[in-house]
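Taking the hints into account, I'd like the entire structure generated from these sequences.
The lines below spell out each chain.
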Amino acid sequence: MKKIEAIIRPERLTETIKGLKSIGITGFTVSQVVGRGKQKDTKGVYRGKNYQVTLHPKVKLEIVLSDYLVESTIQTVVKAAQTGEEGDGKIYVYPILEAYNIRTGKFDDDIDDLVNREEGL
Amino acid sequence: MKKIEAIIRPERLTETIKGLKSIGITGFTVSQVVGRGKQKDTKGVYRGKNYQVTLHPKVKLEIVLSDYLVESTIQTVVKAAQTGEEGDGKIYVYPILEAYNIRTGKFDDDIDDLVNREEGL
Amino acid sequence: MKKIEAIIRPERLTETIKGLKSIGITGFTVSQVVGRGKQKDTKGVYRGKNYQVTLHPKVKLEIVLSDYLVESTIQTVVKAAQTGEEGDGKIYVYPILEAYNIRTGKFDDDIDDLVNREEGL
Ligand SMILES: Nc1ncnc2c1ncn2[C@@H]1O[C@H](COP(=O)(O)OP(=O)(O)OP(=O)(O)O)[C@@H](O)[C@H]1O
Ligand SMILES: Nc1ncnc2c1ncn2[C@@H]1O[C@H](COP(=O)(O)OP(=O)(O)OP(=O)(O)O)[C@@H](O)[C@H]1O
Ligand SMILES: Nc1ncnc2c1ncn2[C@@H]1O[C@H](COP(=O)(O)OP(=O)(O)OP(=O)(O)O)[C@@H](O)[C@H]1O
Ligand SMILES: [Mg+2]
Ligand SMILES: [Mg+2]
Ligand SMILES: [Mg+2]
Chain E
694 MKKIEAIIRP ERLTETIKGL KSIGITGFTV SQVVGRGKQK DTKGVYRGKN YQVTLHPKVK
754 LEIVLSDYLV ESTIQTVVKA AQTGEEGDGK IYVYPILEAY NIRTGKFDDD IDDLVNREEG
814 L
Chain P
694 MKKIEAIIRP ERLTETIKGL KSIGITGFTV SQVVGRGKQK DTKGVYRGKN YQVTLHPKVK
754 LEIVLSDYLV ESTIQTVVKA AQTGEEGDGK IYVYPILEAY NIRTGKFDDD IDDLVNREEG
814 L
Chain R
694 MKKIEAIIRP ERLTETIKGL KSIGITGFTV SQVVGRGKQK DTKGVYRGKN YQVTLHPKVK
754 LEIVLSDYLV ESTIQTVVKA AQTGEEGDGK IYVYPILEAY NIRTGKFDDD IDDLVNREEG
814 L
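Residue numbers (this note's numbering), protein chains in the order written: chain E, 694 to 814; chain P, 694 to 814; chain R, 694 to 814.
Treat identical chains as interchangeable: a pair holds within one or across any two.
Subject to a maximum C-alpha distance of 25 Å in a straight line, what follows is the list of computed PhoX-like cross-link-like pairs (lysine-lysine):
| no. | residue 1 | residue 2 |
| --- | --- | --- |
| 1 | Lys711 | Lys799 |
| 2 | Lys772 | Lys799 |
| 3 | Lys772 | Lys731 |
| 4 | Lys711 | Lys731 |
| 5 | Lys772 | Lys711 |
| 6 | Lys731 | Lys714 |
| 7 | Lys731 | Lys799 |
| 8 | Lys731 | Lys696 |
| 9 | Lys772 | Lys714 |
| 10 | Lys695 | Lys799 |
| 11 | Lys696 | Lys711 |
No wet-lab data here; the hints were simulated from the structure.
Here it is, written out as structure tokens:
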């Protein structure tokens, strides 16, 4: 089990959620963040108290899923979130050790995912 | 050391914090998120521009703790956050490689937790 | 590749970003959180419905970087975010399995970091 964390442009969120749905991924968590990537401009140079850092609004999308879904999910997010301009964002993959569904109190594991898939989720 | 991340109903946060306190867990971080789980309804079908995805407000609770506390903490969160209705949320467990306390600049490790525990924290 | 997550005082964010920039780290994500650490006071005792937990506003700073940058980045964050008073916050280190740049659709790996570094990033 893995977590895919995608930091994307807010205006690409709806398209990205549609893309995920089209490959059967309907579970995810979204939060508002701000950030910066590599700075290639000459702005933002140190000027003591006057120094201001511009942070860009982004959306963080977190998707916990079975290992076999990681590759197709990354491709789907890249396709839906990409504009080709600087600032399109990042995708990070984390290991998940255990997952539980609070309603059932049971382990939410890979087998569970496979069963749902066979049922045509 | 592990991180337990619980995505719960906002209205169960106070009860969950009480539960954590009752087992000696007082350190945690909370953030506001929105999300979706499995979609079992027929709403939300694609309709081009009219398509709207409903995202439900949830609270993300993050608790970094020693390995020996993971199981009891999960049980406590499930008990406090569960309503039995769909949408109760998820618990995910992540590995943590290192932890530091910024005030002391020192490693915040398992042994530290054990020492605090013996002192009756 | 690792993620450093620092939970710091909001008023130390600008100083911390300056410190990161001074060691060549310009990519990061920031979010607003609230939290608690160890409770050493006698306030907050259970009083049924009247019980209220005070959550302190903090800022979560997330930095994904190559392994060789972890130690110096932690030292830099501690130096910039530390006041010496309780509540200065925590630093947690997580493993990252994969990283992608959405604009290029390519893997964002350690070698990439080294190349950028040689180019004087
Ligand atoms: N190293 C990093 N760690 C954590 N978050 C990052 C990092 N780099 C970028 N981000 C997040 O991703 C967002 C978008 O970054 P961005 O796409 O500009 O990265 P970049 O490396 O500069 O690539 P590009 O050249 O395509 O702009 C940032 O606003 C920030 O939230
Ligand atoms: N796969 C996932 N990845 C990340 N977050 C998720 C995932 N699934 C659910 N969540 C988060 O948990 C919240 C609650 O999900 P929910 O409890 O409805 O899950 P579910 O699998 O549909 O279970 P139930 O049948 O009990 O409703 C969502 O709003 C979302 O924030
Ligand atoms: N175990 C934890 N898990 C997750 N987040 C934590 C944990 N402990 C603290 N935090 C986060 O760090 C913030 C600051 O914690 P704080 O610095 O007060 O920790 P502390 O252990 O009480 O140290 P100090 O004695 O220096 O106050 C909290 O508000 C919370 O957001
Ligand atoms: Mg950029
Ligand atoms: Mg659900
Ligand atoms: Mg404290």
